[in-house]
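Build out the structure end to end from the sequences listed, making use of the hints.
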Amino acid sequence: MLDTYVPVLIFVLIVLGLVGALVTLSFVLGPAKPYRRKLLPYESGIIPDTPAMRRLSVRFYLTAMLFIIFDVEAVFFYPWAVLLRQLKWFGLIEMGVFIGILLIALAHIWRKGGLDWE
Amino acid sequence: MGIEALAESMGQNFLTTTLGKVVGWGRGNSVWPAQFGLACCAIEMIATATAGVDIGRFGSEAFRASPRQSDLMIVSGRVSQKMAPILRTIYDQMPEPKWVISMGACASTGGIFNNYALLQGVDKIVPVDVYIPGCPPRPEDLLNALMILQERIKAQGILPRQ
Amino acid sequence: MIPEALVLARGVSAGDDWVTVDAQNVHDALAGLKDDGYGLLVFLTCVDHLAEASGEWPRRYEVVYQLRNLETREQIRVRAFIDGDPPRIESVSDLFPPANWDERETYDMFGVVFDNHPDLTRILMPDDWVGYPLRRDYPVGGEPVEFSEEHERWQTAPEKA
Amino acid sequence: MTDTVAQGVTITKTGQTGAFGGELLTVNFGPQHPSTHGVLRLIVDLDGEQVKRLKPVIGYLHTGIEKQMEALRWQQGVTVTDRHDYLSPPINNLAYALAVERLLGVEVPPRAQALRVIMSELTRLSSHLVWMGTSGLELGAMSMLMYCFRERDTILDMNEEISGFRMHTSYIRPGGVSADATPRFLEMLDDFTHKMPGNVDEYEALLTNNPIWRQRTIGIGRLSAEDAKVLGASGPMLRGSGVAWDLRKAIPYSGYENYDFEVATSDLCDCYGRYLVRIKEMREAVKILRQALDRLPDGPVNVDDRKMLPPPREELETSMEAVIHHFKLFTEGYSVPPGDVYVAVESGRGENGCYIVSDGTHKPRRVKFRSASFVNLQALEQMSLGHYVADMIAIIGTADAVLGDCDR
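Chains as they are written, first to last, in our numbering: chain A, 1 to 118; chain B, 1 to 162; chain C, 1 to 161; chain D, 1 to 408.
Simulated from the structure, these hints should not be mistaken for laboratory data. In this text, a Cβ means the ideal position worked out from N, Cα and C, and glycines have one as well.
Derived DEER-like restraints, expressed as beta-carbon distance ranges:
id	chain 1	residue 1	chain 2	residue 2	range
1	C	Pro86	D	Tyr388	37 to 45 angstroms
2	D	Gly219	A	Phe98	39 to 47 angstroms
3	D	Leu385	C	Asp35	26 to 34 angstroms
4	D	Arg313	B	Gly59	41 to 49 angstroms
5	D	Tyr388	C	Asp35	37 to 45 angstroms
6	D	Ala205	B	Ser30	33 to 41 angstroms
7	C	Asp22	D	Lys328	37 to 45 angstroms
8	D	Gln76	C	Asp22	34 to 42 angstroms
9	C	Thr121	B	Thr17	53 to 61 angstroms
10	D	Gln76	C	Tyr138	16 to 24 angstroms
11	A	Val6	B	Met10	28 to 36 angstroms
On the chain D side, residues computed to face chain C include the following (Cβ under 10 angstroms):
id	residue
12	Gly59
13	Lys229
14	Val243
15	Gly339
16	Phe374
17	Gln378
Listing some non-contacts, in silico: residues in chain A with all C-beta distances to chain D over 12 angstroms:
id	residue
18	Ala32
19	Phe70
20	Arg85
21	Met95
22	Leu102
The structure is reproduced here in structure tokens:
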């Protein structure tokens with residue numbers, strides 16, 4: 001039963017090998033001379049003395065959260081789409097309920113003005 | 001059974017080289033310049049990057065905006081006293097190995113402006129590898145300088161770690 | 001037009017007519033001209049007449065305002081002579097917005113202080129630069145070039161030839 | 001915390017809160033930035049993505065050109081005037097040459113005036129092409145750079161054909177032009193004027209109805225006609241707001257009055273309007289080139305005043321005065337009667353003027369270049385308040401500031 005996962009294993013090994021080789025090669029072959037002025041933050045040539053960590057407005061956080069919710073929702077569509085034929089009606093109704101709930105949530109957010117930026 | 005003998009027996013489809021040559025070849029043919037256009041030479045540098053005189057044939061068409069991703073700084077234009085510390089900062093923030101091409105008379109020696117406002121030659125603040133005469137030099141001159149630099153990079157091979 | 005009392009002299013030089021005004025009432029003169037239709041301050045600069053052979057200038061610094069009337073296409077140049085260390089004059093950036101940077105540049109290059117200018121700091125030179133480059137007594141600078149007339153050693157016998 | 005000071009420039013009071021309680025973030029669009037068309041530094045206060053305050057800091061390309069010209073003789077100054085606005089060298093030469101000629105009271109022959117008009121229009125075209133190429137590149141239209149620089153190379157080949165130099169031609173000098181137009185140049189110009197309108201159609205096809213270009217430029221960087229006049233903007237910045245002020249029509253110089261062309265204006269008052277103005281100006285420039293080529297008068301191209309211009313080489317063997325004139329010119333140079341003059345010419349960016357004060361010696365007492373970019377950059381803050389950072393890139397592009405011209 002496990003042999004169906006062998007190609008995945010080979011793929012992972014190749015990826016790890018390649019990435020590992022690239023990283024170690026560039027670490028070994030590339031000269032590295034870190035000194036203070038090189039590690040200072042780059043801001044178009046000026047050494048910034050203004051703190052970069054400023055309190056950002058809440059809108060960014062709100063938009064990020066909304067994105068995550070609806071992005072994760074999209075992830076659930078993939079397995080459903082693959083098995084659409086086999087699941088026949090049961091799958092459709094099940095997904096319909098799932099989408100319906102999130103649609104109501106989206107309508108609520110839209111009405112409350114969570115989507116517009118200003 | 002030296003390497004050459006092995007190559008003989010394998011019917012000549014082997015290429016034997018040293019790691020240094022491979023590293024030099026890789027680095028030489030993918031020198032990414034930092035976008036450091038100052039004055040008139042910058043316009044000729046852009047002209048070099050366009051289709052007419054294509055710098056892409058030498059692997060250098062990716063003008064990186066940030067010094068972190070570039071290994072060649074083409075100082076194209078006159079460096080004023082106010083710009084000198086900034087040029088030095090940008091040079092410092094470029095990762096090793098890095099090279100500098102001083103494009104044009106103003107960058108190399110202050111050019112026709114021998115006065116209080118200009119840095120008389122960029123080699124006063126950064127080590128320069130290739131100088132290009134001309135005011136502004138033709139795009140072909142910039143390519144010629146790039147080829148000279150590529151020969152020099154290929155000859156360097158593996159650089160010491162520290 | 002400018003009230004006649006303020007005008008010290010008037011003339012035409014190479015086709016451009018100019019007016020000399022006393023430094024104290026430059027602001028009123030330009031305000032008068034502005035109401036008269038000269039809405040655009042083309043540029044504002046200063047000329048240093050230190051040790052000048054030709055012409056007898058009342059004072060060392062001459063601040064020049066070039067005004068233009070967009071409708072009638074007339075141009076006029078207003079001069080004001082000032083002196084002192086640092087030379088001071090009234091700022092006109094409240095009448096003409098472009099004067100803001102022009103005055104900062106004139107301060108940067110000549111050291112002319114414009115009273116009640118919103119932000120009189122250096123604009124072209126580095127902020128910690130000492131000296132005012134465009135004054136006649138400021139050396140051109142740069143590196144001495146071997147074969148040029150300014151280079152005294154070259155004119156004497158070059159022992160190290 | 002005190003005011004945040006970067007290199008002596010006080011920028012913002014810390015703790016200023018933005019719209020939703022977020023603090024203002026001070027960001028440097030510093031001298032080395034892909035979108036600032038040169039070494040312009042903008043200190044920008046951002047509330048999230050919106051620009052709350054913008055302070056341009058210039059001077060990073062200050063070359064001391066005005067001091068340099070005081071140390072050079074009258075005829076030597078031409079090489080320096082090429083290099084301060086490096087996108088329109090002949091137009092700077094023209095301003096300097098016209099100023100010196102007016103001081104001397106000298107008039108150049110008609111053929112020289114026509115050649116000067118040809119070189120100015122070619123330069124205006126190449127300057128607009130560089131603007132469109134780099135502005136397109138910034139707003140995502142990468143191929144614009146390739147298209148525009150293809151035409152620019154043909155213009156540079158023409159520059160090289162007539163003056164031996166691609167960019168800084170030093171072609172227009174006090175007293176005339178450096179060399180007569182060669183037949184090959186006239187051929188290339190004739191061929192160019194036939195091809196160019198087709199190329200401009202190509203640019204329009206790429207950009208004018210391009211939805212991304214329209215979205216990024218329409219309504220961005222509004223500058224009303226009244227503000228443009230008050231701020232002293234000139235060139236496409238002024239004509240893009242509906243004010244039909246073009247120095248070639250308003251105060252004609254060098255024979256512009258006998259060419260018929262329209263002043264390109266658009267009353268959209270935004271980046272898109274200025275783009276349309278520049279496209280129309282390119283078409284008008286080709287029309288002027290066409291007329292100048294058809295009615296190119298023949299005759300001398302220089303003033304025949306021996307005090308001002310060296311005699312032809314072959315004359316040096318025969319006549320003694322020629323040798324004396326030649327010697328005097330190249331050791332001391334000619335002197336200009338005392339006085340001051342201001343001449344303004346219309347460059348691609350706006351009004352490029354040259355104010356010269358002469359004290360009768362063989363070096364100018366003071367040369368001041370009225371630079372269009374220096375004044376247009378002051379309108380940057382007013383145009384970009386309230387916009388997003390991405391729109392500010394389009395606004396920097398539309399100001400078409402050349403920092404060599406701005407810092408002199």
